[in-house]
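Engineer: Line order of the protein sequences matches chains A and B.
The first sequence lines up with residues 1 to 246 when you count with this note's numbering.
The second sequence lines up with residues 1 to 257 when you count with this note's numbering.
Any given hint could be a false lead.
What the hints assert, rightly or not - Derived DEER-like restraints, expressed as beta-carbon distance ranges: (1) A/Arg13 with B/Arg58: 56 to 64 Å; (2) B/Leu153 with A/Gly112: 20 to 28 Å; (3) A/Glu9 with B/Glu170: 40 to 48 Å; (4) A/Arg13 with B/Ala212: 19 to 27 Å; (5) A/Arg205 with B/Arg7: 35 to 43 Å; (6) A/Asp66 with B/Leu168: 38 to 46 Å; (7) A/Leu203 with B/Thr161: 31 to 39 Å; (8) B/Leu153 with A/Pro15: 25 to 33 Å; (9) B/Leu153 with A/Gly144: 30 to 38 Å; (10) A/Asp231 with B/Ala212: 33 to 41 Å; (11) B/Ala190 with A/Glu189: 54 to 62 Å; (12) B/Ala212 with A/Gly112: 24 to 32 Å.
To be verified - To give an idea of the interface, some chain A residues facing chain B are shown, with a C-beta separation under 8 Å as derived from the structure: (13) Ala53; (14) Leu86; (15) Phe96; (16) Ser97; (17) Arg101; (18) Gly107; (19) Leu109; (20) Leu111; (21) Ala115; (22) His119.
Think of the hints as simulated: they come from the structure by calculation, not from any bench.
Here a beta-carbon is modelled for each residue, glycine too, at the ideal position from N, C-alpha and C.
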Amino acid sequence: MTAVLTLEEVSYRFPDSPSPALRDVSLHIERGQRIVLLGRNGAGKSTLLLIAAGILRPQRGSIRLDGAPVVYSRQGLRRLRQCVGLVMQSPDDQLFSASVRQDISFGPLNLGLSAEEAHHAVIEAAALCDVTDLLDRPTHALSGGQKARVALAGVLAMRPRCLLVDEATSGLDLWARHHVLQVFNRLVEQETTILLATHDLALARCWADLVVVLREGQIAAVAPPAQVWADPSLRALIAPPEIWLE
Amino acid sequence: MLRVIDRYAFANRLRAVDPAQKGGIALGVILLCVALDRPIVGLMALLWMVGMTVGYGRIPMRIVVTVLGAESVFLALSVIGLVVSIGFEYPDQAQLALSLGPIWVSVSNESLQTALHVLSRTLGAASALNFLILTTPLVDLIELLRRLRMPALVIELMMLTYRAIFILLETLEQMTVAQTARLGYASWRATMRSSALLGSQLFIAAFRRSQALELALTARGFSGDLRVLPLTYVADRRLWWIAGLIVMSLTLAGWLV
Chain A
1 MTAVLTLEEV
11 SYRFPDSPSP
21 ALRDVSLHIE
31 RGQRIVLLGR
41 NGAGKSTLLL
51 IAAGILRPQR
61 GSIRLDGAPV
71 VYSRQGLRRL
81 RQCVGLVMQS
91 PDDQLFSASV
101 RQDISFGPLN
111 LGLSAEEAHH
121 AVIEAAALCD
131 VTDLLDRPTH
141 ALSGGQKARV
151 ALAGVLAMRP
161 RCLLVDEATS
171 GLDLWARHHV
181 LQVFNRLVEQ
191 ETTILLATHD
201 LALARCWADL
211 VVVLREGQIA
221 AVAPPAQVWA
231 DPSLRALIAP
241 PEIWLE
Chain B
1 MLRVIDRYAF
11 ANRLRAVDPA
21 QKGGIALGVI
31 LLCVALDRPI
41 VGLMALLWMV
51 GMTVGYGRIP
61 MRIVVTVLGA
71 ESVFLALSVI
81 GLVVSIGFEY
91 PDQAQLALSL
101 GPIWVSVSNE
111 SLQTALHVLS
121 RTLGAASALN
131 FLILTTPLVD
141 LIELLRRLRM
151 PALVIELMML
161 TYRAIFILLE
171 TLEQMTVAQT
181 ARLGYASWRA
191 TMRSSALLGS
201 QLFIAAFRRS
211 QALELALTAR
221 GFSGDLRVLP
231 LTYVADRRLW
241 WIAGLIVMSL
251 TLAGWLV
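Use the sequences and the hints to build the structure in full.
Structural biologist: See below:
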């Protein structure tokens, strides 16, 4: 398989923080993979996603996109963001425009597409996320599940090959969660890689090809779900023993 | 009220009609109310615009009346100031005079007429504006301003502010519920304290949200301009005919009556 994104010994410490958020993290993200990031709050899941999306620049180590190091210039970051999309935890943090159609069009227009191309990208992403009937609705009048799908469409309209998702299914009801997972599955069929940070163990177990367990900014394991579930020391990093009994 | 107006603005019969057309009609009626200074013009404008909003826009009458009623409260306060005169001397030309100790409170024929002029003109203009805001969502008005070559920075600020209003309203409601559940408004003192905390926390929440929004925009390739696709609308020919009829009737009333 081809590595879409590679993190090599990446470290990052937030200003005013006593300990690093990420320490020597190395990870190969391959094409069409379903990867789930697990770990306690503060383990570094969101930081890893922000670094992979080029929002934060690693203080040590490097990131490679299709084998080439990411250049932190305007042009280099544009290329990275065309290939790597980031869906935030709260859709309200992502939706800025008054109408759904305009919000989804923001990314494609930033990529330099013409109005007509952007329009096609909007229609395509809206159909993929099942929000075509919401295109003329105001963003503030959507339900939580609808907002999550519109936020996803806003990123997918940029046609990324790797999608980074930060707990986007948390807080959704089972129907909305099912909808979002259906979109993810459709994307994986199209060879899009999905890296999903979550606390949802059931989702990780049944959906992921690979689970990355993070502990205090370091990778504790990268393994298929069954292997992680079979290892008591890894399970202890993810959830208390009582949860596993359930 | 803001949410009610917004909801109907997005779900009325004239939603798809070009905001330039609706804005043009509203502006035309407002200008006629100001230019033709006759009470009949204002009252006719009021009837026409309420009729248009309810009959053609299909906005429920109670919503139109509620919005107009809310505006009328402010209007009434101003009109009372015009009608009532207060002084220490007996007013010679007063229709009605009341003494409160050394003070005379009076109403004159002239002041009543001035108030009627102002009231009719303002109600006519307000109803025209209500027609616009109840049938045109702010997103369309922003689009109209964009077409009128309003600077991009102003447009972007309006767009973000409009979005932020609803997010902050939601946050405000959640915080108020959380405070109420912990007896935050059980006494006058607690209410004062909770309100102060609410204000400061809301500011922090707004700041945090703006940071998160900046991250999300950056991830989608934001480079300084909030570029989005322009919206498309239809022109309503019948609305132009009705507008013509309104302008004609108001002009005739202004000249003849």
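Engineer: Run every hint past the structure and note whether it holds.
Structural biologist: Cross-check of the supplied hints:
{"no.": "1", "hint": "A/Arg13 with B/Arg58: 56 to 64 Å", "result": "holds (59 Å)"}
{"no.": "2", "hint": "B/Leu153 with A/Gly112: 20 to 28 Å", "result": "holds (21 Å)"}
{"no.": "3", "hint": "A/Glu9 with B/Glu170: 40 to 48 Å", "result": "holds (42 Å)"}
{"no.": "4", "hint": "A/Arg13 with B/Ala212: 19 to 27 Å", "result": "holds (21 Å)"}
{"no.": "5", "hint": "A/Arg205 with B/Arg7: 35 to 43 Å", "result": "holds (42 Å)"}
{"no.": "6", "hint": "A/Asp66 with B/Leu168: 38 to 46 Å", "result": "holds (42 Å)"}
{"no.": "7", "hint": "A/Leu203 with B/Thr161: 31 to 39 Å", "result": "holds (37 Å)"}
{"no.": "8", "hint": "B/Leu153 with A/Pro15: 25 to 33 Å", "result": "holds (30 Å)"}
{"no.": "9", "hint": "B/Leu153 with A/Gly144: 30 to 38 Å", "result": "holds (32 Å)"}
{"no.": "10", "hint": "A/Asp231 with B/Ala212: 33 to 41 Å", "result": "holds (35 Å)"}
{"no.": "11", "hint": "B/Ala190 with A/Glu189: 54 to 62 Å", "result": "holds (56 Å)"}
{"no.": "12", "hint": "B/Ala212 with A/Gly112: 24 to 32 Å", "result": "holds (26 Å)"}
{"no.": "13", "hint": "Ala53", "result": "holds (5 Å)"}
{"no.": "14", "hint": "Leu86", "result": "holds (4 Å)"}
{"no.": "15", "hint": "Phe96", "result": "holds (6 Å)"}
{"no.": "16", "hint": "Ser97", "result": "holds (6 Å)"}
{"no.": "17", "hint": "Arg101", "result": "holds (6 Å)"}
{"no.": "18", "hint": "Gly107", "result": "holds (4 Å)"}
{"no.": "19", "hint": "Leu109", "result": "holds (4 Å)"}
{"no.": "20", "hint": "Leu111", "result": "holds (6 Å)"}
{"no.": "21", "hint": "Ala115", "result": "holds (6 Å)"}
{"no.": "22", "hint": "His119", "result": "holds (6 Å)"}
Violation of the numbered hints given earlier is absent; every hint is satisfied by the structure.
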